[in-house]
Amino acid sequence: MASDQHKALLFGAAAAVRLLLFTAFPSLPSLLAGRVEVSTPVTSFKRLQEGLFLYTHNVSPYDGGVYHQAPLLLPLFSLLPNPSYHPFATNLLYTMVDLLSAHALMQIADSGQAAVTRLFTSSRKELRWSSVAIAAGFLFNPFTVATCIARSTSALTNLFILTAMAKASQGALITFVLSMAMASYLAMHPVLLFPPLLILCYDVQATNMKAAPHAWRFAVTHLRRLSIALGALLYLSKLLTGSWDFLGATYGVRLLLPDLTPNVGLWWYFFTEMFDSFREFFLGVFWLHVASYMPGLTIRLRKQPLFVAATLTGIFAVFTPYPSIADAALYLSLVPLFRHLFPLMRYTFLASSSILYASFLGPVFYHLWIYAGSGNANFFYAITLVWSLGLSVIVGDSLYAALRDELDVERPELRGKEVKRI
Amino acid sequence: MPPPAGADASAASTSGPDASESPSESLDAVRSQSHAPPETSESLWLRRSVILSFWAVVALLGLPVWWKTTAIYRADLPLPYMTDWADGKICKPVFPLRIAVEAPLALQDAQHLIHTTQHALDDLNEFSAHHLRLMLSDLPAPANASQQVVRDEGPTSDEDTALSIRLIPVETGPTPRSHLQPYSPTLDVYYAANQIPPPSSTGSPLATFIAHELHKIFAEEQALLAYLLSTTSGAHTAKMQSLSPETTAELERQSTRAFKYAPTYHLTFSLFTPSSMPSAWDIESALQQYLSPLLESFAAISNFTVDSQVQLYAGFSPSVREPEYDEALKAWTLRKEDLSGFINAAEWPLSPSIGIGPTVNFVLYVPSESQSPLLVKESGANSWLVPQWGGVLILNPVSMAGQNGSIPTILTKDALSPAMHTFSDQLISLLGLPQTPASLPLRLSTLKRVRAASLLFSASSTLGALARLTRALPSIPIPDTVAKSVDLTTAHLQQACDHLRDGRFQGALEHARIAEAEAEKAFFERSMVGQVYFPDEHKVAVYLPLLGPVAVPLVMAAIKELKSGLSAIRRR
Chain A
1 MASDQHKALL FGAAAAVRLL LFTAFPSLPS LLAGRVEVST PVTSFKRLQE GLFLYTHNVS
61 PYDGGVYHQA PLLLPLFSLL PNPSYHPFAT NLLYTMVDLL SAHALMQIAD SGQAAVTRLF
121 TSSRKELRWS SVAIAAGFLF NPFTVATCIA RSTSALTNLF ILTAMAKASQ GALITFVLSM
181 AMASYLAMHP VLLFPPLLIL CYDVQATNMK AAPHAWRFAV THLRRLSIAL GALLYLSKLL
241 TGSWDFLGAT YGVRLLLPDL TPNVGLWWYF FTEMFDSFRE FFLGVFWLHV ASYMPGLTIR
301 LRKQPLFVAA TLTGIFAVFT PYPSIADAAL YLSLVPLFRH LFPLMRYTFL ASSSILYASF
361 LGPVFYHLWI YAGSGNANFF YAITLVWSLG LSVIVGDSLY AALRDELDVE RPELRGKEVK
421 RI
Chain B
1 MPPPAGADAS AASTSGPDAS ESPSESLDAV RSQSHAPPET SESLWLRRSV ILSFWAVVAL
61 LGLPVWWKTT AIYRADLPLP YMTDWADGKI CKPVFPLRIA VEAPLALQDA QHLIHTTQHA
121 LDDLNEFSAH HLRLMLSDLP APANASQQVV RDEGPTSDED TALSIRLIPV ETGPTPRSHL
181 QPYSPTLDVY YAANQIPPPS STGSPLATFI AHELHKIFAE EQALLAYLLS TTSGAHTAKM
241 QSLSPETTAE LERQSTRAFK YAPTYHLTFS LFTPSSMPSA WDIESALQQY LSPLLESFAA
301 ISNFTVDSQV QLYAGFSPSV REPEYDEALK AWTLRKEDLS GFINAAEWPL SPSIGIGPTV
361 NFVLYVPSES QSPLLVKESG ANSWLVPQWG GVLILNPVSM AGQNGSIPTI LTKDALSPAM
421 HTFSDQLISL LGLPQTPASL PLRLSTLKRV RAASLLFSAS STLGALARLT RALPSIPIPD
481 TVAKSVDLTT AHLQQACDHL RDGRFQGALE HARIAEAEAE KAFFERSMVG QVYFPDEHKV
541 AVYLPLLGPV AVPLVMAAIK ELKSGLSAIR RR
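If you're matching them up, the sequences are chains A and B in order. First residue of the first sequence? That's 1 in UniProt numbering, and the numbers climb one at a time after it. First residue of the second sequence? That's 1 in UniProt numbering, and the numbers climb one at a time after it.
Calculated from the structure, these hints are not laboratory results. All residues carry an ideal CB built from backbone N, CA and C; glycine is no exception. All clues stand as given, with none of them false.
Here are some, though not all, of the chain A residues that point toward chain B, as calculated from beta-carbon distances under 7 Å: (1) Phe278; (2) Glu280; (3) Phe281; (4) Gly284; (5) Leu288; (6) Ser292; (7) Pro295; (8) Gly296; (9) Ile299; (10) Arg300.
The calculated BS3-like cross-link candidates involving lysine-lysine, where the alpha carbons are at most 30 Å apart (straight line), are: (11) B:Lys484 x B:Lys260; (12) B:Lys560 x A:Lys303; (13) B:Lys448 x B:Lys260; (14) B:Lys330 x B:Lys413; (15) A:Lys303 x B:Lys563; (16) B:Lys521 x B:Lys484.
Please construct the entire structure, taking both the sequences and the accompanying hints into account.
Right, here's the structure in full:
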């Protein structure tokens, strides 16, 4: 079949590009791993190596206060040969992770849940890209490639999020819950994706079985399964590290933001300027702000749960405490699934140009601030604002397009006409 | 940073489905919504639940977070109790001193003698808080008529005996006469056998003599304590004796000269010389011989750490006038007003404080051969004391025996002995030891009492200041550590007070020391002052820029929904 050939070709090319970059530029991985745009304190590969060193020397990996990632990554990476001397195995692992993510993305695209769900069928549903094209958009996205070369562990998180989406759109309940649990275990905030994806799962189940299962019972069952899976993962981590201390060092760091290393997000600058006595309050406000989108969007776009999940990943890429370009890469690879919304979007030029502007000027301004000393923190922060603005515009614009699309279905006579808010 | 997506999402979601008109119809739509089809109940429900979900997050999660994180934690402090301490309402320090009398007499006679002496003593005493109590040494304090602090008589061995009086009958010499032992708290009283008062008499020359002697011995201590009471707290002034202005001035001079009490002092002995000679000194054995006994006797009050240094080619600071040669004295002289600049603080390595306690500096200056002997012009003295800093001594080479003017390379222990004696005297006055009486143990125990009382007062007044601060600034947080320190302080103050009342001064000093340290710790707690200069108006500037833009669409949407909901109800 042609599509299979295309897929094999694409995956081969993507793997070749990655392995070529790894081998042709041996210093590139460590250069990228040191970039604040790619590696955050909670995903950095260098910190993972530090944790790994402590772990293999039978010291608690969290003792140094450097490692903030999940404990279960340690046994996985300790199986691989030391990446400082034999990087090939690690490189191969990361390449495989990207290919698996692309595979999951193709499954999502193939399921067609982006445009046609149980309760909603877009009027432009014939407007779509092939799954190979979407996977190519993911695999050759420079942000994805940079994340892979930097060996940031957010690549793993992205893999599990995409797998969860893929399994949800296929109605494979157990694997969905497992990969959801894994993603939440690694990065905590993906747990917010659970409600929309559960609705997606429910819809798919209802379509397949011709008789909708009882909604509440379905929700409670799967919530329980998710808690069991998460509890098992956490308990396993406790067995591995010998105490519950890892909770504070991993999720505590994400919640309380003790490490104010600059990143592409909005939190670090705000909290360097914050009065100490209001710090906790604004931590609460910022986290609630991230979380508050989930119920509203899920209720409003009940009929398009996959779109809600994709939009939430965009919100995560802007408003979480330690975002990196890996989160943006995930969102930007999910957006092409909604090709049918593109004609309705109004600010694509503004959004894409501000993203490009930020991607080129961000490293420059960071260099001016940190190395040249001719700039200051405001330079870099201004660029992260533009970056966030670009992503927010895409999020907001696609939301508008999705709503407009629903309206077109509801009242076909208005199709193609200008709408005006009252 | 206002969330553009959020505003867009909520705005779009509230107005998206129902509010669309073709441009040609939009004018009409604004005027009358006749063309817009009525909202379906489904979209109405949807919109309301979206708004409700945002408000639910705000109300159910946001408000508790706000409440929890901005609440100022104020541990409970016993404020009235603390103020009472500061006002001296809880502890009125008294200093009952036990004086044991050893008399080679029959029990009856001895008791009568003590009785009469006590009477005479009480008549002399003007300061009620300071009270001398006589008792027979070998007896477990029988019912003594004048014993005012009546307690159940337990073993008395745990109380300090301030002084013991030995009555020694003699045949020769003038009687009665007395001798105070310099190195033990003992007063020897010599008397003739016929001076023992007969049981019938109410007064006797011997009793009056002993009373006057005791009064004289403790006069300075009483003055010191009275001065302390008068300066520290207004509540005590009522009952104190009136001090003469001269005494007050003298006491004030002494107290400004002395260091503030610290449990540990650091002593630095420095040898400075403008040339290369002498380059060594036998300081260790000199300190061992001349100073260690003194420091050991202070051990009950304070500890000391000692170090020494030698600094060659140490010049005067340029601002000081060079010494002048005085023909009459045949010596180089420094003027008295230049003494304050003698210490070259910029170049001489005399660090102000090493380690915990304050540093007491002792400077031994050996002038160069061309400028010796070097003396102070007005008085011809060669040493002086710098208040609350230390002492200085100029050791002139001529005064060094056998060297005949040339400076030795090594200062021997013997050459250092005059310097060590001077330094000891200076140390004694720097530590605030009283000048009289002649017996060192008595002076030390006086110092102990004075220090205990002053620590007690200062800890109490710190408590009072903390209580005032807590009342005056309701916006500062009070962590639990402060409450704990306050509790410790009051507990130790109470114990110190009890010990004072029972005459156990060593224990009183130790408890007062802990109380003082804890009170200081509570008062200077760092986290309390963070918000002192944070007025409420600033909170607007903190909350508004972020929360304002978020709140506006939320509030507007809620108001709009409520309005339409109300009108729908009214129409029905």
